[in-house]
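Chains as they are written, first to last, in this note's numbering: chain G, 183 to 588; chain X, 183 to 588; chain Y, 183 to 588; chain R, 183 to 588.
Please note that the accuracy of each hint is not assured.
Since the list gives no way to pick one copy over another, a pair counts as held whenever it fits inside one copy or between any two copies.
[Unchecked claim] 30 Å max Cα-Cα, derived DSS-like pairs, lysine-lysine:
1) Lys400 x Lys376
2) Lys272 x Lys483
3) Lys261 x Lys465
4) Lys379 x Lys324
5) Lys376 x Lys314
6) Lys400 x Lys223
7) Lys185 x Lys457
8) Lys588 x Lys272
9) Lys381 x Lys324
10) Lys272 x Lys460
11) Lys400 x Lys588
12) Lys465 x Lys270
13) Lys270 x Lys381
14) Lys465 x Lys291
Bear in mind the hints are in silico, worked out from the structure with no lab data behind them.
4 protein chains.
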Amino acid sequence: MNKRTIELSGHIIDSLVLPKTMDLIMDRGGDFDILEFDIGKRKSDISRAKMLVSADSPDQLNIILDELSRLGASISEIKEVELTSSIKDKVAPEGFYSTSNHPTHVLYKNNWRTVEDIEMDCTICIDEENNKVSCKPLGEIKAGDKIVVGREGIKVTPPQRTRGKKQLFEFMNSDVSSEKPLMNLIREIASEMKEIKSKGGRIGVVGGPAIVHTGSGKYLASLIKEGFIDVLMAGNALATHDIESDIFGTSLGIDIQTGNIVSHGHTHHMRAINKINKSGSIKNAVEDGTLNSGIMYECIKNNVPFILAGSIRDDGPLPDVITNTIKSQELMRQQAQDLDMVLMIATMLHSIAMGNLLPSRVKSICVDINPSTVTKLSDRGSAQVVGIVTDIGTFLPLLYEALHMK
Amino acid sequence: MNKRTIELSGHIIDSLVLPKTMDLIMDRGGDFDILEFDIGKRKSDISRAKMLVSADSPDQLNIILDELSRLGASISEIKEVELTSSIKDKVAPEGFYSTSNHPTHVLYKNNWRTVEDIEMDCTICIDEENNKVSCKPLGEIKAGDKIVVGREGIKVTPPQRTRGKKQLFEFMNSDVSSEKPLMNLIREIASEMKEIKSKGGRIGVVGGPAIVHTGSGKYLASLIKEGFIDVLMAGNALATHDIESDIFGTSLGIDIQTGNIVSHGHTHHMRAINKINKSGSIKNAVEDGTLNSGIMYECIKNNVPFILAGSIRDDGPLPDVITNTIKSQELMRQQAQDLDMVLMIATMLHSIAMGNLLPSRVKSICVDINPSTVTKLSDRGSAQVVGIVTDIGTFLPLLYEALHMK
Amino acid sequence: MNKRTIELSGHIIDSLVLPKTMDLIMDRGGDFDILEFDIGKRKSDISRAKMLVSADSPDQLNIILDELSRLGASISEIKEVELTSSIKDKVAPEGFYSTSNHPTHVLYKNNWRTVEDIEMDCTICIDEENNKVSCKPLGEIKAGDKIVVGREGIKVTPPQRTRGKKQLFEFMNSDVSSEKPLMNLIREIASEMKEIKSKGGRIGVVGGPAIVHTGSGKYLASLIKEGFIDVLMAGNALATHDIESDIFGTSLGIDIQTGNIVSHGHTHHMRAINKINKSGSIKNAVEDGTLNSGIMYECIKNNVPFILAGSIRDDGPLPDVITNTIKSQELMRQQAQDLDMVLMIATMLHSIAMGNLLPSRVKSICVDINPSTVTKLSDRGSAQVVGIVTDIGTFLPLLYEALHMK
Amino acid sequence: MNKRTIELSGHIIDSLVLPKTMDLIMDRGGDFDILEFDIGKRKSDISRAKMLVSADSPDQLNIILDELSRLGASISEIKEVELTSSIKDKVAPEGFYSTSNHPTHVLYKNNWRTVEDIEMDCTICIDEENNKVSCKPLGEIKAGDKIVVGREGIKVTPPQRTRGKKQLFEFMNSDVSSEKPLMNLIREIASEMKEIKSKGGRIGVVGGPAIVHTGSGKYLASLIKEGFIDVLMAGNALATHDIESDIFGTSLGIDIQTGNIVSHGHTHHMRAINKINKSGSIKNAVEDGTLNSGIMYECIKNNVPFILAGSIRDDGPLPDVITNTIKSQELMRQQAQDLDMVLMIATMLHSIAMGNLLPSRVKSICVDINPSTVTKLSDRGSAQVVGIVTDIGTFLPLLYEALHMK
């Protein structure tokens with residue numbers, strides 16, 4: 183008898199939870215009967231559904247339930263979460279529950295406990311000693327850790343569509359067309375940023391070197407100086423070309439002012455790295471007068487922390503670059519939990535990395551001229567990201583302007 | 183003896199005429215010997231080369247010479263152009279010379295005559311009666327027309343690289359990267375536009391509906407009103423959505439102000455067309471108060487001519503749309519010969535059509551967020567076009583701003 | 183009292199009709215109460231909903247109802263359709279109903295009548311004399327025609343998701359990722375094609391010149407020869423380069439066999455057109471031995487009709503090209519109503535044109551290496567199209583192979 | 183007197199060395215006079231030029247000479263290379279010579295010495311003790327290292343165009359159009375691969391996870407099994423999805439066989455990583471029977487080394503992934519020097535990383551459906567790469583087929 187009753191509640195029709203649930207069951211070859219259904223008649227009412235899910239085999243049923251739990255369906259007869267100890271470092275027990283990036287609760291010792299530091303594709307670990315329920319990446323599991331297995335006693339709450347006109351961050355599906363009016367979108371982002379800052383919230387930027395190549399570095403530098411940005415996450419390239427543009431006036435050998443293209447003028451970025459190596463660090467370079475303007479300069483001057491996560495394509499790299507990818511992830515992970523908004527600008531690698539770490543509640547915007555960056559982010563599960571296909575060289579000046587309009 | 187001596191002159195090394203000539207001969211399986219070579223030692227000096235081209239067969243030699251003539255190579259022993267009469271309407275004699283879009287001269291009755299209305303992929307027709315040497319598309323040939331065949335007595339002059347820093351319109355190769363500083367490029371275009379207008383020159387715009395979708399219609403309307411644009415070439419879609427945005431405030435059913443997306447709000451453009459049909463024409467609609475602002479409105483009010491060239495994807499179409507493609511081409515062809523600059527914005531079909539018609543001396547800019555539009559334009563031979571990959575929704579506001587900076 | 187009761191029925195939750203209805207009302211600033219709701223408890227059961235829609239003004243209510251009718255919502259208190267006579271050729275009465283591409287019925291003289299030749303963005307015209315209810319494009323309206331206005335008595339039936347695993351043509355949303363396994367998709371298309379042909383169905387191809395440029399022309403030619411294709415819709419370019427490749431072995435001057443690129447070898451296509459002009463038509467060229475193989479050759483030899491719809495970017499064009507865009511649309515429209523499947527291959531212009539004309543029941547596949555072609559098709563309302571982002575140069579050989587596998 | 187005489191020799195016109203030299207001088211605001219010019223009259227002859235380069239300042243002259251040296255221009259009055267000792271680890275002396283990826287020689291102690299392990303954007307270090315002249319990345323410099331500064335005594339030899347039809351790997355400019363015949367290109371690559379293997383050469387693959395997503399993993403696995411591939415360079419994603427597809431039959435939760443898409447089926451790759459963590463390594467997993475087929479399996483079984491270079495977007499990662507980016511680069515660098523051909527398939531990060539490390543003599547092919555990957559590779563200086571824009575899901579099957587044709 184491969185059947186199980188599940189429950190759904192909330193704006194489950196218009197937020198697509200119910201249709202997606204039915205879709206998923208059918209696509210996975212399962213079947214369902216609606217046992218009870220109570221539709222919210224008015225705007226403020228919520229709907230409730232009870233469904234009997236059936237499948238051909240216990241395995242199939244488990245797979246279906248596993249995926250349903252990510253959509254927000256909870257198993258009806260509520261039991262406590264099931265825990266199994268890890269037998270080896272970095273190894274979760276078979277059947278471990280793999281998290282989504284939505285707010286998640288587990289029923290543990292008769293209490294619905296919030297899973298802290300929620301992040302997609304992790305395990306849920308319960309530390310009984312410290313009375314802590316939290317997300318844990320596979321790589322951080324230690325032998326003996328108590329890991330949630332199965333799908334009993336788990337409740338996921340995906341974001342719901344508000345009843346009323348959709349807001350910018352409710353699109354829920356990355357929308358990558360370039361044929362939409364952009365100015366209004368930018369004004370909405372600017373107003374959201376101002377509101378977050380007025381409430382003491384935190385905004386991060388994840389940026390690629392095209393910010394500098396396109397001549398928009400100065401706008402990002404100003405945003406940092408003016409306190410809009412609380413953390414910068416980037417790679418060696420953004421920092422190097424930013425420094426190159428301060429020292430040599432070029433980016434990848436292209437003159438930032440005149441835009442004149444020099445066929446193989448590729449040595450400036452190497453000379454820039456060499457100068458920072460000589461100073462010992464970006465901070466030292468600011469202090470000893472080597473570096474006098476730009477994005478990194480403003481980070482140092484205004485105590486805005488930065489994480490320069492290394493990659494295998496780095497030249498140099500700069501002494502401040504973190505060459506261990508796990509270490510970089512850890513630092514980005516800490517930031518991710520603490521942010522209210524992230525602007526991901528012109529970097530596929532760092533955007534996807536950040537997208538993997540972000541809880542779905544963080545307002546996220548991905549800006550790139552290449553539609554495939556946005557598509558990939560969404561294909562990899564970061565459905566909450568608002569994608570904008572536009573030119574970085576004009577997006578940042580216009581955002582800056584919108585932030586300074588009365 | 184499949185050999186022939188050719189001559190080249192000008193800045194043939196740095197303008198790549200000589201390297202391309204050698205390249206082409208080798209790629210086509212021919213061979214060459216340099217007979218004479220006189221290199222320009224100083225900036226102002228020009229270079230001269232005489233080469234003996236050889237091939238395995240007369241046919242191969244002819245094909246090579248045919249292509250060389252487009253690069254600017256002229257056959258040494260100068261003979262008069264050879265003429266053959268067409269035997270049937272729309273049919274050129276075998277071996278007809280197919281034009282490039284560069285300035286071309288033919289040696290006829292002992293004079294080097296300029297070929298008028300030069301345009302790529304046409305024939306050269308000599309009208310002895312009216313003493314006229316001009317380009318003629320295949321479709322316009324009449325039985326009895328005297329058409330140039332072979333490649334004797336033809337001299338092509340491709341644009342040359344100036345000795346000194348390259349100017350915007352000397353790039354000669356469409357450059358489609360989106361990682362270049364854009365603001366400076368826009369300033370150069372603006373300053374070129376102002377210079378052309380100050381000299382009484384003519385500027386055309388070839389535009390697609392994304393101009394309206396992205397909310398930039400008002401900037402184009404202002405440019406028309408302010409006298410920057412002398413002719414508008416577009417299709418049914420640009421005009422329809424421009425009119426829709428005046429009447430309904432939407433474009434393809436999307437609110438231009440708020441950018442709110444309405445899933446299937448596709449009826450507005452039909453209602454807009456219906457209203458213009460009722461008025462009888464766009465001009466009538468302006469006069470009877472149906473249409474009160476926008477791109478088409480400004481064209482009517484300021485007597486800026488427009489060509490709305492129809493296509494098979496048109497809804498409606500508007501009464502002003504020319505549904506015969508040959509007729510549209512003829513009208514565009516007349517404009518093409520008379521322009522100093524063309525801005526091609528966000529339309530692949532109309533840009534390629536215009537690109538086919540433009541002499542290489544017309545300064546041409548193609549702006550699209552999709553790199554493949556620019557690539558296709560260049561693949562089809564419009565090598566003089568400066569390609570810019572950017573967002574239309576920001577390009578036009580920034581261009582407008584640049585045109586109004588002191 | 184701007185309120186109206188609407189009804190929905192079918193698999194309205196999993197086919198997204200109900201969620202989209204709620205979404206649309208809220209986005210348009212309206213409100214709703216659920217009056218009755220009867221959910222289909224089992225797979226085979228259908229669901230029914232009755233909702234009270236309210237809005238701030240009668241206009242707003244009308245706009246909402248107008249869009250809802252396209253989703254399949256019908257107004258509860260069933261009245262007959264309302265008709266108004268056109269006062270002028272090409273002009274529909276204000277408030278005309280604009281069609282979707284889904285099966286549509288109108289209540290007329292107490293009967294639910296099917297709207298014939300359904301096509302998006304048209305009017306519904308009732309010809310009382312001939313007892314005919316059919317779709318009519320704006321441009322074909324004659325003064326005196328009885329046109330449906332308002333939204334009473336209209337029932338739209340969008341395709342429903344089958345209960346069970348989704349089939350290829352149920353995706354309903356163009357899916358443009360290039361990171362999906364392609365071979366299986368091709369096998370499904372091949373098997374669908376074989377089934378259609380076994381039932382005497384009709385398959386059309388809408389194709390661009392890249393079919394020839396990529397060396398895949400011979401596969402399309404074989405499909406035509408073998409009876410898989412019932413009609414070819416293309417432009418001057420496909421036919422010209424197909425003919426060029428037969429006569430000269432090149433396409434746009436590139437050798438089809440060796441792929442060697444010749445920088446400016448652009449005269450062959452002009453010479454090809456000239457030869458057909460000499461013969462007088464493609465048919466004549468086949469008969470007089472000018473044309474001996476290829477796509478157009480097989481069309482002539484196998485009596486497969488072709489529509490060569492002209493565009494402003496055509497060189498020549500060939501004598502068989504229809505230079506009037508309205509005439510081209512009419513011919514394509516006739517084909518559209520009569521097809522069971524359409525393959526749209528590597529042509530944005532012709533694909534969007536065809537997409538506009540197709541009823542949603544026709545199985546449609548759009549194949550292009552450029553994701554934006556597929557995105558645009560879908561943005562313009564052809565939601566039923568399955569989009570495949572892949573290389574034409576490999577798609578057609580693989581489809582051919584799949585059609586010949588046992 | 184900011185003047186200096188330079189010399190060029192070889193097929194300097196048709197290989198574009200001379201035009202590029204003139205271009206660069208003019209674009210950088212310098213000037214030149216041709217002092218001597220001796221053109222190769224016949225195919226086998228080489229040309230020689232002596233030019234006097236002048237500039238406004240010594241600095242400008244130095245910049246120009248620096249860049250000219252990368253094009254193959256050598257300074258006339260031959261002096262020995264100038265060496266300066268590094269004063270600090272990772273810091274090169276000011277004015278250090280930054281390498282290109284072309285074969286480079288330095289005049290040292292009266293001998294023209296080949297610079298070993300040539301790689302772009304490095305310094306040249308002379309180890310007098312061990313009599314070794316080699317490339318050194320900035321990060322590996324030790325205090326006291328003798329580093330080449332200035333541009334005396336350096337000779338660079340860029341690849342030359344052969345006189346005759348251009349070969350595949352002579353394109354020299356990445357060519358990213360998707361409208362070229364592909365089958366022939368694939369046949370050329372296959373024949374090149376067979377020739378390299380017949381001579382005992384080495385072929386590397388740099389691959390992204392799309393190889394597995396598109397269902398082409400089995401073809402790469404077969405190529406490894408059959409001995410065509412000597413080293414695999416990839417990241418965590420390719421290995422994880424390859425292992426996922428062996429264990430679960432899916433890739434990113436999509437069924438490889440049926441192509442059915444599962445909306446949020448993202449847990450399989452985590453479970454796959456967990457299983458390998460349990461085994462301890464990929465090798466162990468093959469030995470203990472956890473892993474039984476696929477790309478990684480064949481690498482283990484056939485002793486083909488693999489480098490899994492970590493990145494910040496990695497889930498897990500697998501125990502075999504190198505999480506230190508500098509260490510990954512070192513391992514890739516060793517391979518780069520030892521290869522005859524590299525296929526870079528569907529990975530921007532790893533392709534650009536590899537492109538940075540490759541000497542220009544290595545035959546390199548970059549295959550991606552996204553044109554921007556190829557464009558970026560070329561923008562960053564890897565001009566020798568042949569770019570192919572096509573679908574991975576069809577490229578690998580077709581390459582496999584071509585390798586097995588008689």
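State whether the alpha carbon distance between lysine 261 and lysine 465 is at most 30 Å within one copy, between copies, both, or neither.
neither (54 Å within a copy, 40 Å between copies)
Evaluate lysine 379 and lysine 324 at a C-alpha cut-off of 30 Å and name the case that applies: within, between, both or neither.
Classified as neither; 39 Å inside a copy, 46 Å across copies.
Alpha-carbon proximity context of lysine 588 and lysine 272, limit 30 Å:
neither (53 Å within a copy, 48 Å between copies)
Taking 30 Å as the upper bound on the Cα-Cα distance, should lysine 376 and lysine 314 be classified as within, between, both, or neither?
Neither, since 34 Å and 60 Å both go past 30 Å.
For lysine 400 vs lysine 588, is the C-alpha pair at or below 30 Å within one copy, between two copies, both, or neither?
For lysine 400 and lysine 588, both the intra-copy (21 Å) and inter-copy (22 Å) Cα distances are at most 30 Å.
Checking lysine 465 and lysine 270: alpha-carbon separation at most 30 Å within a copy, between copies, both or neither?
Close across copies (18 Å), not inside one copy (41 Å); limit 30 Å.
Taking 30 Å as the upper bound on the Cα-Cα distance, should lysine 272 and lysine 483 be classified as within, between, both, or neither?
between (40 Å within a copy, 25 Å between copies)
Reference check for the pair lysine 465 and lysine 291, CA-CA at most 30 Å: within, between, both, or neither?
Cα proximity of lysine 465 and lysine 291: none, with 50 Å in one copy and 41 Å across.
Which holds for lysine 400 with lysine 376 at a C-alpha limit of 30 Å: within a copy, between copies, both or neither?
So lysine 400 and lysine 376 pass the 30 Å test inside a copy (20 Å) and across (28 Å) alike.
Give the relationship of lysine 400 and lysine 223 under a CA distance limit of 30 Å: within one copy only, between copies only, both, or neither.
Neither: 52 Å inside a chain and 44 Å across chains, both beyond 30 Å.
One pair to classify: lysine 270 and lysine 381, alpha carbons no more than 30 Å apart. Within, between, both, or neither?
neither (44 Å within a copy, 47 Å between copies)
Reference check for the pair lysine 272 and lysine 460, CA-CA at most 30 Å: within, between, both, or neither?
between (39 Å within a copy, 8 Å between copies)
In this structure, the hints that do not hold are numbers 3, 4, 5, 6, 8, 9, 13, 14, in rising order.
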